[in-house]
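Undergrad: Chains as they are written, first to last, in my numbering: chain A, 1 to 112; chain B, 1001 to 1111.
Calculated from the structure, these hints are not laboratory results.
A virtual CB, placed ideally from N, CA and C, is assigned to each residue, including glycine.
Worth double-checking, as some hints may not be accurate.
Taking lysine-lysine and the DSSO-like style, the derived pairs with C-alpha atoms no more than 30 Å apart in a straight line are [stated by the list, open to error]:
1) A:K9 <-> B:K1061
2) A:K9 <-> B:K1068
3) A:K9 <-> A:K70
4) B:K1068 <-> A:K14
5) A:K71 <-> B:K1068
6) A:K57 <-> B:K1061
7) A:K70 <-> B:K1049
8) A:K9 <-> B:K1049
9) B:K1049 <-> B:K1068
10) A:K14 <-> A:K57
11) A:K57 <-> A:K70
12) B:K1061 <-> B:K1049
13) B:K1103 <-> B:K1061
14) A:K14 <-> B:K1049
15) B:K1103 <-> B:K1068
16) A:K9 <-> A:K57
17) B:K1103 <-> B:K1049
18) A:K71 <-> A:K9
19) A:K57 <-> A:K71
In silico negatives: residues of chain B with every beta carbon more than 10 Å from chain A [unchecked claim]:
20) L1019
21) G1053
22) Q1058
23) R1069
24) R1077
25) A1087
26) S1097
27) T1100
28) G1102
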Amino acid sequence: NAGVTQTPKFRVLKTGQSMTLLCAQDMNHEYMYWYRQDPGMGLRLIHYSVGEGTTAKGEVPDGYNVSRLKKQNFLLGLESAAPSQTSVYFCASSYGLGTEAFFGQGTRLTVV
Amino acid sequence: AQSVTQPDIHITVSEGASLELRCNYSYGATPYLFWYVQSPGQGLQLLLKYFSGDTLVQGIKGFEAEFKRSQSSFNLRKPSVHWSDAAEYFCAVSGYSTLTFGKGTMLLVSP
């Protein structure tokens, strides 16, 4: 009963390096989201997808790219990491608008 | 655009006392509203949700919330707090294809 799985759970990057965070869901959900969580800021939406092959910008998209080539996977890429991208990243998925979102356990990313 | 305001950053409640966490939302139509809880180092778990109908909704762990359209509020309540309720609580609104969260309220429970 996996639900939403994020890979990796922890990562340390040097400034300028690139990486991809993987989110996989096994609930056949249409909607998927990437959030970042910073102290005192709550969860801020980076990018989201309303179905396979679609992506859209959220509140804080700069410095990130996403892809949704398969319905079950939503990838978040950092092309050139910056210290300001140090955060905890959460992926979530839901059946559709207004339905419950299920969250992964988070990825703690540190950029030095 | 939709938004959520949680006015209280921290709240401390004595164990056994009642709890109310405030949430105000902004959205142009009938909102879908949620309360989530996050324990340290964990993801978010849904406590309850409001879609339509009865304005008082029941959730897990003894929580309830009341939707008040006139006040644009969706406050979370619990009659008697347990030490295990200490966590961060997030109110969220769903609309325009996205799920928007407030900044959270950290609940501390004193003995």
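Undergrad: It remains to establish, for every hint, whether it holds in the given structure.
TA: Hints versus structure:
{"no.": "1", "hint": "A:K9 <-> B:K1061", "in the structure": "holds (28 Å)"}
{"no.": "2", "hint": "A:K9 <-> B:K1068", "in the structure": "violated (39 Å)"}
{"no.": "3", "hint": "A:K9 <-> A:K70", "in the structure": "holds (21 Å)"}
{"no.": "4", "hint": "B:K1068 <-> A:K14", "in the structure": "violated (48 Å)"}
{"no.": "5", "hint": "A:K71 <-> B:K1068", "in the structure": "violated (37 Å)"}
{"no.": "6", "hint": "A:K57 <-> B:K1061", "in the structure": "violated (35 Å)"}
{"no.": "7", "hint": "A:K70 <-> B:K1049", "in the structure": "holds (29 Å)"}
{"no.": "8", "hint": "A:K9 <-> B:K1049", "in the structure": "holds (28 Å)"}
{"no.": "9", "hint": "B:K1049 <-> B:K1068", "in the structure": "holds (14 Å)"}
{"no.": "10", "hint": "A:K14 <-> A:K57", "in the structure": "holds (25 Å)"}
{"no.": "11", "hint": "A:K57 <-> A:K70", "in the structure": "holds (18 Å)"}
{"no.": "12", "hint": "B:K1061 <-> B:K1049", "in the structure": "holds (14 Å)"}
{"no.": "13", "hint": "B:K1103 <-> B:K1061", "in the structure": "holds (22 Å)"}
{"no.": "14", "hint": "A:K14 <-> B:K1049", "in the structure": "violated (41 Å)"}
{"no.": "15", "hint": "B:K1103 <-> B:K1068", "in the structure": "holds (20 Å)"}
{"no.": "16", "hint": "A:K9 <-> A:K57", "in the structure": "holds (24 Å)"}
{"no.": "17", "hint": "B:K1103 <-> B:K1049", "in the structure": "holds (18 Å)"}
{"no.": "18", "hint": "A:K71 <-> A:K9", "in the structure": "holds (22 Å)"}
{"no.": "19", "hint": "A:K57 <-> A:K71", "in the structure": "holds (18 Å)"}
{"no.": "20", "hint": "L1019", "in the structure": "holds (20 Å)"}
{"no.": "21", "hint": "G1053", "in the structure": "holds (13 Å)"}
{"no.": "22", "hint": "Q1058", "in the structure": "holds (15 Å)"}
{"no.": "23", "hint": "R1069", "in the structure": "holds (16 Å)"}
{"no.": "24", "hint": "R1077", "in the structure": "holds (20 Å)"}
{"no.": "25", "hint": "A1087", "in the structure": "holds (14 Å)"}
{"no.": "26", "hint": "S1097", "in the structure": "violated (6 Å)"}
{"no.": "27", "hint": "T1100", "in the structure": "violated (7 Å)"}
{"no.": "28", "hint": "G1102", "in the structure": "violated (6 Å)"}
Checked against the numbered hints given earlier, this structure breaks hints 2, 4, 5, 6, 14, 26, 27 and 28; the rest are met.
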